[in-house]
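Each chain, letter by letter, is given below.
Number of protein chains: 2
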Amino acid sequence: MKKEIEPTTSIYPLPVIMVTTHDEKGNDNIMTAAWTTNISSERPSIGIIMGGNSLSFKNIKQTRDFIINIPGQGLLKEIDFCGENHGNKIDKFKETGLTKIEASIIGSKLIAECPINFECRLRDIYPMDSANLIVGEVVKVHMDENILTDEGKVDFFKLNPVVYSQKTYYSIKEGVAIRGFSGKK
Amino acid sequence: MKKEIEPTTSIYPLPVIMVTTHDEKGNDNIMTAAWTTNISSERPSIGIIMGGNSLSFKNIKQTRDFIINIPGQGLLKEIDFCGENHGNKIDKFKETGLTKIEASIIGSKLIAECPINFECRLRDIYPMDSANLIVGEVVKVHMDENILTDEGKVDFFKLNPVVYSQKTYYSIKEGVAIRGFSGKK
Numbered sequence: 001m002k003k004e005i006e007p008t009t010s011i012y013p014l015p016v017i018m019v020t021t022h023d024e025k026g027n028d029n030i031m032t033a034a035w036t037t038n039i040s041s042e043r044p045s046i047g048i049i050m051g052g053n054s055l056s057f058k059n060i061k062q063t064r065d066f067i068i069n070i071p072g073q074g075l076l077k078e079i080d081f082c083g084e085n086h087g088n089k090i091d092k093f094k095e096t097g098l099t100k101i102e103a104s105i106i107g108s109k110l111i112a113e114c115p116i117n118f119e120c121r122l123r124d125i126y127p128m129d130s131a132n133l134i135v136g137e138v139v140k141v142h143m144d145e146n147i148l149t150d151e152g153k154v155d156f157f158k159l160n161p162v163v164y165s166q167k168t169y170y171s172i173k174e175g176v177a178i179r180g181f182s183g184k185k
Numbered sequence: 001m002k003k004e005i006e007p008t009t010s011i012y013p014l015p016v017i018m019v020t021t022h023d024e025k026g027n028d029n030i031m032t033a034a035w036t037t038n039i040s041s042e043r044p045s046i047g048i049i050m051g052g053n054s055l056s057f058k059n060i061k062q063t064r065d066f067i068i069n070i071p072g073q074g075l076l077k078e079i080d081f082c083g084e085n086h087g088n089k090i091d092k093f094k095e096t097g098l099t100k101i102e103a104s105i106i107g108s109k110l111i112a113e114c115p116i117n118f119e120c121r122l123r124d125i126y127p128m129d130s131a132n133l134i135v136g137e138v139v140k141v142h143m144d145e146n147i148l149t150d151e152g153k154v155d156f157f158k159l160n161p162v163v164y165s166q167k168t169y170y171s172i173k174e175g176v177a178i179r180g181f182s183g184k185k
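Chains A and B, in that order, are what the protein sequence lines are. If you count the first sequence from 1, position 10 lands on 10 in the working numbering, and the numbers rise without skipping. If you count the second sequence from 1, position 138 lands on 138 in the working numbering, and the numbers rise without skipping.
If you're looking for bench data, these hints aren't it; they were derived computationally from the structure. Quick reminder that beta carbons are idealized off the backbone N, C-alpha and C, glycines included. Among the hints, erroneous ones may be present.
Just some of the chain B residues that point at chain A, by a computed CB distance under 8 Å [stated by the list, open to error]:
(1) F93
(2) G97
(3) Y170
(4) K184
Computed list of lysine-lysine pairs in DSS-like fashion (alpha-carbon distance at most 30 Å, straight line) [what the hints assert, rightly or not]:
(5) B:K61 x B:K77
(6) A:K140 x B:K61
(7) B:K3 x B:K58
(8) A:K2 x B:K158
(9) B:K185 x A:K100
(10) A:K184 x B:K140
(11) B:K167 x B:K3
(12) B:K3 x A:K2
(13) B:K153 x B:K89
(14) A:K158 x B:K158
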C-alpha cells in the first residue's frame, strides 16, 4: 500500500565527497558534500550543490577552481568533521591532520589521504534557489596506485567508498550484477 | 604513491533510479539512470543527466513532467533491462511486466514495484555538451508503507537501494556512523 507524503528531496543514497578550495590569499578549506553527480563525459565535468553562504562557494567564485577528493571508509571521522564544522572559524586541514599536496594544474590542494582526486576548473555556476550548482571541468585525475588493479582500473573494495542517506553513512557490500546481464532486445 | 591519469568523470558510486515519462499520445517509457542528485530542498528538486537523443528527454520536453522511481535490489533485472534497451523500439512496461499506476498530479506513470516515487514537474533544462541536466520540482511523493519505520521514516534496508559504479551494480552493507558523531568545534 502506497502512502502519499508531501514534497521532499531524497535520492537514496548519495556518494560522500570532500571538496577542497582556496581563497586569493592561499587559505585552504575542506567541505564534505553528498549532493553531487557526474555531468558530462564528453568534456569530463562534475557537479556539486553548495549553499550560497558557504566559504567553499566564496572561494570557488574567487579563484575558480576546486578539487573533488573521494574518501574511503578510513576517513569517516574526518568526513564527518569537515561536514559539521565551518571553515571560516577553523583551519580544517590543521584540525583533522589531513595532509595537503600541491595539485598539478590548479591552486586548490589535494587531500593526500583520499585515494582519488579530481582537479577541476570552474565551468559554470547555476543558481538553484538559495544554493548553487557548481559545475567543474576535470583537468587532471590522481589515483593511489594501491587502489588500482593490475589493469589500472579502480578496485572498488580497495577504494571502499562511503555513501550517505538520512543522516547516516553507509558502506558498500558487494557487486550484485554486471551491467548488461539482462540482455538486449 | 599517486598516479596521474587523464581527465575522466567518475563519482564513486552513484544511485540507480528509474525514470518514467510519457509522450503526448500517452505512450509511457522507463529509463534507468545513475547520474542524478538532489538539487534543492527549499523548493524540493531533483536533477538527472540525460542524453539529448534519448526518448525520455524528448518526452520530458513535450509533456514537461516525469517520475523518479527508486528501485530496490529485487528489481535488478528490470533496472538493467531498462538501461540496456531503447524505448523507441519496445514498450518497456510490457517487456518487463512492471505495473503502471496513475500519478496523483502529473501524466507520467508510477512504477508500482518501486517503493518510492517522486512526481516531478519540469523546472528547467540546462544543456551540458551533448547531454542535458533536467531539473524537476517534486510535487508529490509516494512511499510503500512496508519500507517505513513506525515513525514513518524510510527503513534503508527494507528499501535496499542499488548503487552503480564502473558498469557494476552494488548493494549497501551497513550504517557505519551517524552524521555528527565527530563532534563540533
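Hints, verified against the model:
1. F93: 14 Å, violated
2. G97: 13 Å, violated
3. Y170: 5 Å, holds
4. K184: K184 (chain B) check passes; min Cβ-Cβ to chain A is 5 Å, inside 8 Å.
5. B:K61 x B:K77: Measuring from Cα to Cα gives roughly 28 Å; hence the hint holds.
6. A:K140 x B:K61: 35 Å, violated
7. B:K3 x B:K58: 41 Å, violated
8. A:K2 x B:K158: 15 Å, holds
9. B:K185 x A:K100: Roughly 21 Å separates the two Cα atoms, so the pair holds.
10. A:K184 x B:K140: 33 Å, violated
11. B:K167 x B:K3: The given pair, whose Cα atoms are some 22 Å apart, holds under the 30 Å limit.
12. B:K3 x A:K2: Judged against 30 Å, a Cα distance of about 49 Å means the pair is violated.
13. B:K153 x B:K89: 39 Å, violated
14. A:K158 x B:K158: It holds: about 27 Å lies between the C-alpha atoms, which stays within 30 Å.
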